[in-house]
Amino acid sequence: MAAKPMTGQAFFVLAALADGPRHGYGIVGEVADLSHGRVKLKIGGLYGVLDRLASEGLIEPDREEAHDGRLRRYYRLTRDGRRALAEEAELRASTARVVRVRLGLTGPAAGAAG
Amino acid sequence: MSADLEGRYRRVLRLLPGWYREQWEQDMVAAFLDSWLTGDPEADEYICKAAGPGWREVASVAVLAVRLYLGGAGTPRRYAWGQAVRRAVLAVVLVHAALGLVALVPAAWVRGVLGLPPLPANLVNATPRGVWPAVFYVVSVAWIVVFVGLVFGRYRTARALAALTIVPSLVVMLQAPFTGVGPALPLFGPWAAWVLLSLVPVLAMVAFHRGAPTGPARPWLLALPAGYLLVFFPLLALQATGNSAWVPDFSGLCCILAALACLAHTPRAWSRQGAGSGVWSLTLILLAATAGVYRIISIADYLNDPHLIKVGLAELLILVAAVALVAPDAARTQAATPAPPAHPHTTAA
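Residue numbers (our numbering), protein chains in the order written: chain A, 6 to 119; chain B, 14 to 362.
Isolated chain A (complex conformation) (with noise of 0.2 angstroms):
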């Protein structure tokens, strides 16, 4: 059986803890610049998809720092949610690719060099 399609809010959230940890709004801003302003996460979003990412084991707490009088934790990617973004990324582009074809954004020959 095929493993679940990842949504998109999970993998603008793994993409945003691509190059470092980042703390929960930080997450936020981040998916939105990430997506042009088209994913806006609300906070009870954002915690049900770290919630779940944690526990497939995709992402992990990385530290807590002090910040105006509270704490921010901060998150990262862990090795298999490394290679689940990669893995995502990868599907997101071919079928990008192909899509570009068809739409005859692009020849067959430049996406297939690409």
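Since the hints were derived computationally from the structure, they do not count as laboratory data.
Warning: the hint list may mix true and false statements.
Stated by the list, open to error - Incomplete in silico selection of chain A near chain B, CB under 7 angstroms: (1) G25; (2) G29; (3) Y30; (4) K47; (5) I48; (6) G49; (7) Y52; (8) G53; (9) R78; (10) R81; (11) R84.
Small disclaimer: the values here were computed from a predicted structure and weren't measured.
Using N, Cα and C, we set each Cβ at its ideal position, and we do this for glycine too.
Following the hints, complete the assembly by docking chain B onto the known chain A.
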């Protein structure tokens, strides 16, 4: 300074299960405050007094709470109840789908589609004409589609179709009192049936969320023709042989079906060897509670008929006795739910 804003958000977070708040609340509050506060003391003082979580924020917490209470990934404590709700909803939709077959099979039989000998004359009703019979034929098919959709994991389609499917019955029930058109229906039974067997299951379909595990399809698919043959065929046979007086009303039939299901499950519940026995016990408790409440409410339609009241009470007694057989197993399942998942900070290397 941020106490006002923080307090408002913490009140929203009370929607979440306690075990989840223990693990994530501080983190969520910190992220929420980060999303509001600017670092400018004057601006932040104003924000903390005037601002609060918007409806989208509240909705995101509410959705998370539903997922946690109904058992998505990473929620073992609630897994049993989530599974039980999903199975109970499937069982109710199975009844609707079987009723759909009851409407469709005779229609197909009369038209010779099944290639069978003609139906007995007393089972062939005059073909109803008009819009509503046609609508209810469509509804019958729609329930079968909803059932198959839930079984095969097409949750979104099934939820949307089910929400549309319950509307015609509501319209018919509202039509008579408000317009005087249509049959005068009993006061309590039809409403109880609509709320308990249509509206509540459709609302409870939120339990079929993205993270919900899909069960094996084959037993459920076999249950549809089996349910039709084993339950509704005998009822049709009673009618055909002129013994209609023995046919219970629909709420009574629900009680009897729930009681029989409890009895059939009792050996497994007592042996505690079958995997998932406790979840089935919880499922049967939910179904029996629904049938029992439906029976109690619909008895009010028979207040001037002592015989029917006695029959209704007898059905309730049978149901309670059958539920008592599986209740201990359901209680054990609740007591034995696994510990909540460890917080990632406690499992970090």
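We went through each hint and held it up to the structure:
no. : hint : in the structure
1   : G25  : violated (17 angstroms)
2   : G29  : holds (3 angstroms)
3   : Y30  : holds (4 angstroms)
4   : K47  : holds (4 angstroms)
5   : I48  : holds (5 angstroms)
6   : G49  : holds (3 angstroms)
7   : Y52  : holds (5 angstroms)
8   : G53  : holds (4 angstroms)
9   : R78  : holds (5 angstroms)
10  : R81  : violated (10 angstroms)
11  : R84  : violated (12 angstroms)
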